[in-house]
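Chains A and B supply the protein sequences, listed in that same order.
Every letter in the first sequence is one number past the one before it in numbering that gives the first Met the number 0, and letter 121, counting from 1, is 120.
Every letter in the second sequence is one number past the one before it in numbering that gives the first Met the number 0, and letter 126, counting from 1, is 125.
These aren't lab readings, by the way, just hints derived from the structure by calculation.
Watch out, some of these pointers could steer you wrong.
As the list claims (entries may be wrong) - DMTMM-like mimics (lysine to aspartate or glutamate), calculated; alpha carbons at most 25 Å apart, straight line:
no., chain 1, residue 1, chain 2, residue 2
1, A, 175, A, 155
2, A, 88, B, 13
3, B, 33, A, 152
4, A, 140, B, 25
5, A, 175, B, 13
6, A, 88, B, 206
7, A, 140, A, 160
8, A, 170, A, 152
9, A, 88, B, 16
10, A, 88, B, 22
11, A, 88, B, 25
12, A, 170, B, 22
13, B, 33, A, 32
14, A, 175, A, 186
15, A, 140, B, 5
16, B, 33, A, 155
17, A, 88, B, 227
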Amino acid sequence: MKEPAMVADGLRLPGPLWPVDPRLVSVNPLASEFDLFVRGRTPGLLRAAYLLTGDQHLAEDLVQSALARTHRRWTQLHHEGNAEAYTRKTMYHLQASWWRRRKVVESMPGDLPELSRSYDHAELISTRLMLLRALLRLTPKQRTVLVVRFFEDQSERQTAELLGITVGTVKSQTAKALTRLRMVAPELGELYTREGSAR
Amino acid sequence: MNARYDRLHADLTDLAEQVTVVDLRDRALRTSRKLRTLRTILGAAAAFVLLTIGAGTAFAVLPGRHTGGPSSSQPQPGGPPISSPATTFQPSPVPSASLCQATDLTYLSQAPAGAAMGNVYTRYSMRNRSSHACMLSGAPVITYQRADRTAALLPAQPDPTAPTVVVPASATVEFRIDRAGAGDFASDSPSCTHNGAYQGLAVRFSDGSVPLGNVGFTVQACEEVVIDGWRLSGP
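If we strip away everything but chain A, and leave its shape as in the complex, we get:
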């Protein structure tokens, strides 16, 4: 899933973990390295944050907070090449803190907006809605582990390092998350099992 290193304006940056929207990569040669970093990484961070929070505005707040903390330590982080990892780690830690979890859960939309249906995309949209509803019914910790493991494609060990928990906790939380996912959305469980067995 990792992409090769990105080169923007002659500045070589560590490769993003998510596809980068080229429209958001600054072409201004005077743009600061931090600007390039923010604009290059924001799409990927927002996608992960959206899965974590289930809400556009909460996702923006989460990424904004993580980026602000990264900016405060930018010189050191950029020098060490750790900016990406630091930002992601900060974002997950912020999301995982108990108060944030509680408030995110409290603010989760109970009724998701109905999307316009198209016969061509009916199944896709249906699956998307089911998955979003199911994710929001996981505990924040389960959701975080699920996103890191299966959206970011991180190994159990990498997930443990990123979230600052043990590998055993990652395993148990992953199992619980998948079990709950199948419980709250049996259709999804069957879908993933069927797909998996077909591969």
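Following the hints, position chain B against chain A.
Here is chain B on its own, set in the frame of chain A:
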């Protein structure tokens, strides 16, 4: 990753694509600038406190002030032996130190560490009263007392970058609770701490809690509360 979860990965990716990508540069910089300003104020306040302590220490060790009585060789309350200048204190890390317990630490004091633009910073000091070095890792876990006298975790963001600190015997450590006033966050934002009275603060350890002098604070508007990590503050 197990191939059976490829579909889950694909669905998560598809769902994540639903987010609208916005440019957060200005918002991040604005928040960062606010935090930097507050850090500067804190730094100035800390420097002032250190200078004050330094001046007090220098005044205390003036030769003319040494009375030579039997009690002069006893350690002074809240400080090192009078014959030991503060500048000689060299905390030596002990890699094998175990984690600090509630029984190791005693609460000393709290002090304002800066306030501006609706932001309040408070520093809390504790002393390792045991005879051995111990280790503090990450930001402290803070609890408060609810109305029914039960303890609950303080709704705050722990500094994810808080370092591990080895606390020599008799050394003093401190941490800070930063309360940033109304910021750029919506009232339903996770960064906005709910209004309420958070009294009876205490630091929780694996073997119990150390009360912070029955102190607390009240949140009246959207605030972001951050618990900074431990740091050595000298003897």
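Quick rundown of the hints versus the structure:
The straight-line distance between the Cα atoms of residue 175(A) and residue 155(A) is roughly 14 Å, inside the 25 Å bound, and the hint therefore holds. Restraint check for residue 88(A) and residue 13(B): satisfied, since their Cα atoms lie roughly 23 Å apart, inside the 25 Å limit. Distance hint between residue 33(B) and residue 152(A) is unfulfilled; the C-alpha atoms sit about 35 Å from each other, more than 25 Å. Between residue 140(A) and residue 25(B) the CA atoms are separated by roughly 30 Å; this puts the pair beyond 25 Å, and the hint is violated.
Restraint check for residue 175(A) and residue 13(B): satisfied, since their Cα atoms lie roughly 23 Å apart, inside the 25 Å limit. Between residue 88(A) and residue 206(B) the CA atoms are separated by roughly 29 Å; this puts the pair beyond 25 Å, and the hint is violated. The hinted pair formed by residue 140(A) and residue 160(A) meets the criterion: a straight-line CA distance of about 15 Å does not exceed 25 Å. Restraint check for residue 170(A) and residue 152(A): the C-alpha separation of about 14 Å stays at or below 25 Å, so the hint holds.
A distance of roughly 21 Å separates the Cα atoms of residue 88(A) and residue 16(B); the hinted pair therefore holds under the 25 Å criterion. For the given pair, residue 88(A) sits about 20 Å from residue 22(B) by alpha-carbon distance, which is consistent with the 25 Å threshold. A hinted pair counts as satisfied when its Cα atoms are at most 25 Å apart, and residue 88(A) with residue 25(B) qualifies at roughly 21 Å. A hinted pair counts as satisfied when its Cα atoms are at most 25 Å apart, and residue 170(A) with residue 22(B) does not qualify at roughly 35 Å.
Proximity of residue 33(B) to residue 32(A) is assessed by CA-CA distance (about 20 Å); at most 25 Å being required, the pair is judged to hold. Note on residue 175(A) and residue 186(A): the hinted pairing holds, with a Cα-Cα distance of about 17 Å set against a maximum of 25 Å. Taking the CA atoms of residue 140(A) and residue 5(B), the gap is near 21 Å; set against the 25 Å cutoff, the hint holds. For the hint pairing residue 33(B) with residue 155(A), the CA-to-CA distance comes to about 37 Å; that exceeds 25 Å, so the pair is violated.
Of the pairs offered as hints, the one joining residue 88(A) and residue 227(B) holds, with about 16 Å between alpha carbons and a cut-off of 25 Å not exceeded.
In the structure shown, a violation is registered for the earlier hints numbered 3, 4, 6, 12 and 16, in ascending order.
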